[in-house]
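**Student:** First to last, the protein sequences are chains A and B.
With the numbering used here, the residue at position 127 of the first sequence is 127, and numbering never jumps.
With the numbering used here, the residue at position 29 of the second sequence is 29, and numbering never jumps.
It is worth saying that the hints were derived from the structure and are not from the lab.
None of these values were measured; they are calculated from a predicted model.
The beta-carbon is built from N, C-alpha and C at its ideal position, and this holds for glycine as well.
Treat each hint with caution, since some may be false.
[As the list claims (entries may be wrong)] So the derived label-pair ranges between C-beta atoms look like this:
1) A:Leu74 with B:Arg58: 21 to 31 angstroms
2) A:Leu17 with B:Asn37: 31 to 41 angstroms
3) B:Gln8 with A:Val162: 49 to 59 angstroms
4) A:Ile12 with B:Ala26: 49 to 59 angstroms
5) B:Met71 with A:Pro79: 19 to 29 angstroms
6) A:Lys116 with B:Met69: 27 to 37 angstroms
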Amino acid sequence: MAAVGGIFLITIEVFILNRSDRQNRQQNAADQFFFAVSALARNEACWQDSKFRWKIAADVERIARNVERIPLGLSGVAPSVRRDCLMMSGSKAQALRELELLAIRPGPSAYTDLLKQLIDGLLIISEGRWYDLPEAQYERQVSRHVRALQIGVAFIAFAGAVILLSFIPKLGEAAPVSATALVAISVAFAHSAGMPIDMIGKYTQVGSDIVAPKK
Amino acid sequence: MNPEYGSQYSITRALLSNSYIRRYYAKEVSEVPALNNMEQAVIDTIASNEVAKIRAFRVSVLVVVFCLMHMAT
Numbered sequence: 001m002a003a004v005g006g007i008f009l010i011t012i013e014v015f016i017l018n019r020s021d022r023q024n025r026q027q028n029a030a031d032q033f034f035f036a037v038s039a040l041a042r043n044e045a046c047w048q049d050s051k052f053r054w055k056i057a058a059d060v061e062r063i064a065r066n067v068e069r070i071p072l073g074l075s076g077v078a079p080s081v082r083r084d085c086l087m088m089s090g091s092k093a094q095a096l097r098e099l100e101l102l103a104i105r106p107g108p109s110a111y112t113d114l115l116k117q118l119i120d121g122l123l124i125i126s127e128g129r130w131y132d133l134p135e136a137q138y139e140r141q142v143s144r145h146v147r148a149l150q151i152g153v154a155f156i157a158f159a160g161a162v163i164l165l166s167f168i169p170k171l172g173e174a175a176p177v178s179a180t181a182l183v184a185i186s187v188a189f190a191h192s193a194g195m196p197i198d199m200i201g202k203y204t205q206v207g208s209d210i211v212a213p214k215k
Numbered sequence: 001m002n003p004e005y006g007s008q009y010s011i012t013r014a015l016l017s018n019s020y021i022r023r024y025y026a027k028e029v030s031e032v033p034a035l036n037n038m039e040q041a042v043i044d045t046i047a048s049n050e051v052a053k054i055r056a057f058r059v060s061v062l063v064v065v066f067c068l069m070h071m072a073t
């Protein structure tokens with residue numbers, strides 16, 4: 001009983017902390033800008049060391065993720081407004097991601113440019129004007145973990161369809177209908193995981209051959 | 001220069017004292033030339049946000065500790 005109470009309590013705590021974190025993404029981004037500027041300015045002599053530059057690039061990615069998620073704190077607004085804000089924050093995050101390349105593949109003035117852009121970003125975001133940050137062409141970012149999860153769900157749904165079909169004698173007409181739905185789910189996840197269209201075409205063909213009634 | 005390139009900010013000390021957080025930001029601004037030009041109000045805002053974040057974390061830790069002690073007795 002005590003363990004259940006403990007788990008319940010910790011779940012509520014995590015929920016409240018996450019909620020508060022969601023409302024404070026802008027402040028968190030300002031904080032991370034501050035730390036990134038400080039690390040970069042303090043360690044100018046290490047700029048030639050790729051390990052240091054990669055660490056700075058990772059810091060900038062953390063800032064970009066926070067900036068990208070700022071509109072998630074919006075509530076009570078129209079879905080279209082929320083979507084537009086997410087597109088806008090995505091473009092801001094993309095501009096920050098371009099700075100990561102400055103750190104990974106540095107040019108002659110990369111250090112000065114990066115430091116200047118981070119200081120400018122810090123000044124803008126600390127005034128609460130995240131919408132005034134520079135923008136770049138938005139590219140959807142999908143992490144390896146999410147992609148692996150999507151591929152996993154696609155294969156599990158496909159395997160589920162095959163297993164369902166083996167129960168046709170017991171389930172009757174319900175089996176092919178459910179199997180078709182599972183194949184559709186599987187194709188949708190394969191598509192969102194970035195599987196090439198021709199491969200999805202072959203995959204769908206195999207799915208429909210399996211689901212189609214045998215003559 | 002920090003050999004690990006990281007900041008010298010100590011989360012343990014921050015959990016224990018708000019004044020540590022405020023002193024840390026002030027010290028960082030005075031020591032890093034790139035941050036020298038920042039307005040004091042901006043630094044105060046960033047430090048206050050950090051204090052608020054740490055305060056929320058402290059409260060959540062205290063609630064868990066209180067409930068665990070209550071369950072243990």
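**Student:** Each hint needs a verdict: does it hold in this structure or not?
**Tutor:** Comparing the hints with the structure gives:
1. A:Leu74 with B:Arg58: 21 to 31 angstroms: Check passed, 28 angstroms falls within 21 to 31 angstroms.
2. A:Leu17 with B:Asn37: 31 to 41 angstroms: 34 angstroms, holds
3. B:Gln8 with A:Val162: 49 to 59 angstroms: Holds, since glutamine 8 (chain B) and valine 162 (chain A) (Cβ atoms, about 58 angstroms apart) stay within the stated range.
4. A:Ile12 with B:Ala26: 49 to 59 angstroms: 36 angstroms, violated
5. B:Met71 with A:Pro79: 19 to 29 angstroms: 43 angstroms, violated
6. A:Lys116 with B:Met69: 27 to 37 angstroms: Given about 52 angstroms between the Cβ atoms, the range is violated.
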